[in-house]
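I would like the entire structure built from these sequences, with the hints used as guidance.
Residue numbers (our numbering), protein chains in the order written: chain F, 163 to 276; chain E, 2 to 112.
Mixed in with the good hints, there may be bad ones.
Stated by the list, open to error - Below 25 Å or equal to it, Euclidean Cα-Cα: the simulated BS3-like pairs (lysine-lysine) are:
#1 E:Lys-68 <-> F:Lys-264
#2 E:Lys-57 <-> E:Lys-107
#3 E:Lys-68 <-> E:Lys-111
#4 F:Lys-264 <-> E:Lys-43
#5 E:Lys-68 <-> E:Lys-57
#6 F:Lys-264 <-> E:Lys-3
#7 E:Lys-94 <-> F:Lys-173
#8 E:Lys-57 <-> F:Lys-219
#9 F:Lys-219 <-> F:Lys-233
#10 F:Lys-264 <-> E:Lys-107
#11 F:Lys-264 <-> E:Lys-57
#12 E:Lys-3 <-> E:Lys-94
#13 F:Lys-219 <-> E:Lys-94
As the list claims (entries may be wrong) - With the Cβ distance kept under 8 Å, some of the chain F side facing chain E (calculated, not the full set):
#14 Arg-193
#15 Gly-204
#16 Pro-205
#17 Glu-218
#18 Glu-263
#19 Lys-264
#20 Phe-267
Simulated from the structure, these hints should not be mistaken for laboratory data. Just so you know, even glycine gets a beta-carbon here, dropped at the ideal spot from N, CA and C.
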Amino acid sequence: DTGVSQNPRHKITKRGQNVTFRCDPISEHNRLYWYRQTLGQGPEFLTYFQNEAQLEKSRLLSDRFSAERPKGSFSTLEIQRTEQGDSAMYLCASSPGQGPEKLFFGSGTQLSVL
Amino acid sequence: QKEVEQNSGPLSVPEGAIASLNCTYSDRGSQSFFWYRQYSGKSPELIMFIYSNGDKEDGRFTAQLNKASQYVSLLIRDSQPSDSATYLCAVNKYSNYQLIWGAGTKLIIKP
Chain F
163 DTGVSQNPRH
173 KITKRGQNVT
183 FRCDPISEHN
193 RLYWYRQTLG
203 QGPEFLTYFQ
213 NEAQLEKSRL
223 LSDRFSAERP
233 KGSFSTLEIQ
243 RTEQGDSAMY
253 LCASSPGQGP
263 EKLFFGSGTQ
273 LSVL
Chain E
2 QKEVEQNSGP
12 LSVPEGAIAS
22 LNCTYSDRGS
32 QSFFWYRQYS
42 GKSPELIMFI
52 YSNGDKEDGR
62 FTAQLNKASQ
72 YVSLLIRDSQ
82 PSDSATYLCA
92 VNKYSNYQLI
102 WGAGTKLIIK
112 P
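In structure tokens, the structure reads:
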């Protein structure tokens, strides 16, 4: 399988707990993105990596969110002290980085904060 | 005003007809425009992108861009029930990597 892989598919947690999601991009893609999507809305940009460098982070993202991409391969997104408003689908996408951006999305991680 | 606006629908189209989906954007500096399709419970998948005024065709899909009027549209010819999905418009605004998304238009193709 050469697509974008995300784990876990679903995560249920209690408010105040920390959660971590993993994304494995398409192997030859050097760009990686995290988006968040709630029902009836389009994806909302969270952050972007080129190789291991985090080049942009949304101004809307609080300091409870952190993302890493060590060695420029897989990436993790951590949310600390989760809140009910964090409940959403967290999507990872990768791109070959040539020409206009063409994103390839993973299946997402559905987070429910109780 | 939202940066990228789409009619939420649902838009109902008979099978075999042409489905027309529209998207307007607010920033005249926008450079690239994308249409993604999202089936219920699935992730978005890219259909087409366009960055020059005019039409761009790919099979049954045609993207149309009018920068003066700040709108981009997607036409689906010979609509099939399998085209039933939410169609998301995305615009490259600030840079080559941050996309601004509309909320999507739900399309229903009736057999």
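Answer holds if the nearest beta-carbon of chain E is closer than 8 Å to that of Pro-205 (chain F); otherwise answer violated.
-> OK, holds: Pro-205 (chain F) within 8 Å of chain E, min 5 Å.
Given the hint that Lys-264 (chain F) pairs with Lys-43 (chain E), test it: the Cα-Cα distance must not exceed 25 Å.
-> Answer holds: Lys-264 (chain F) to Lys-43 (chain E) is near 17 Å, not above 25 Å.
Does Lys-57 (chain E) pair with Lys-219 (chain F) here, judged by a C-alpha cut-off of 25 Å?
-> Violated, at about 32 Å.
Return the status of the interface hint for Gly-204 (chain F): holds when the least beta-carbon distance to chain E is below 8 Å, violated otherwise.
-> 3 Å, holds
Within a Cα-Cα threshold of 25 Å, do Lys-3 (chain E) and Lys-94 (chain E) meet the stated pairing?
-> Holds. Lys-3 (chain E) to Lys-94 (chain E) sits at ~13 Å (cutoff 25 Å).
Starting from Lys-264 (chain F), check that the Cα of Lys-3 (chain E) is at most 25 Å away, please.
-> Between Lys-264 (chain F) and Lys-3 (chain E) the Cα gap is close to 23 Å, so the pair holds against 25 Å.
When you check the alpha-carbon spacing of Lys-219 (chain F) and Lys-94 (chain E), does it fall within 25 Å?
-> 15 Å, holds
Tell me if Lys-264 (chain F) is really an interface residue toward chain E, meaning its C-beta lies closer than 8 Å to one of theirs.
-> 5 Å, holds
Take a quick look at whether Lys-57 (chain E) and Lys-107 (chain E) sit within 25 Å of each other, Cα to Cα.
-> 22 Å, holds
Regarding the pair Lys-68 (chain E) and Lys-111 (chain E), is the alpha-carbon distance no greater than 25 Å?
-> Given pair Lys-68 (chain E), Lys-111 (chain E) is violated - Cα atoms ~32 Å apart, limit 25 Å.
Chain E contact restraint for Glu-218 (chain F) - C-beta distance below 8 Å = 6 Å, holds
Pair hint outcome, Lys-264 (chain F) versus Lys-57 (chain E) [Cα-Cα no greater than 25 Å] = 16 Å, holds
Taken one by one, the earlier hints fail for this structure at numbers 3, 7, 8, listed in ascending order.
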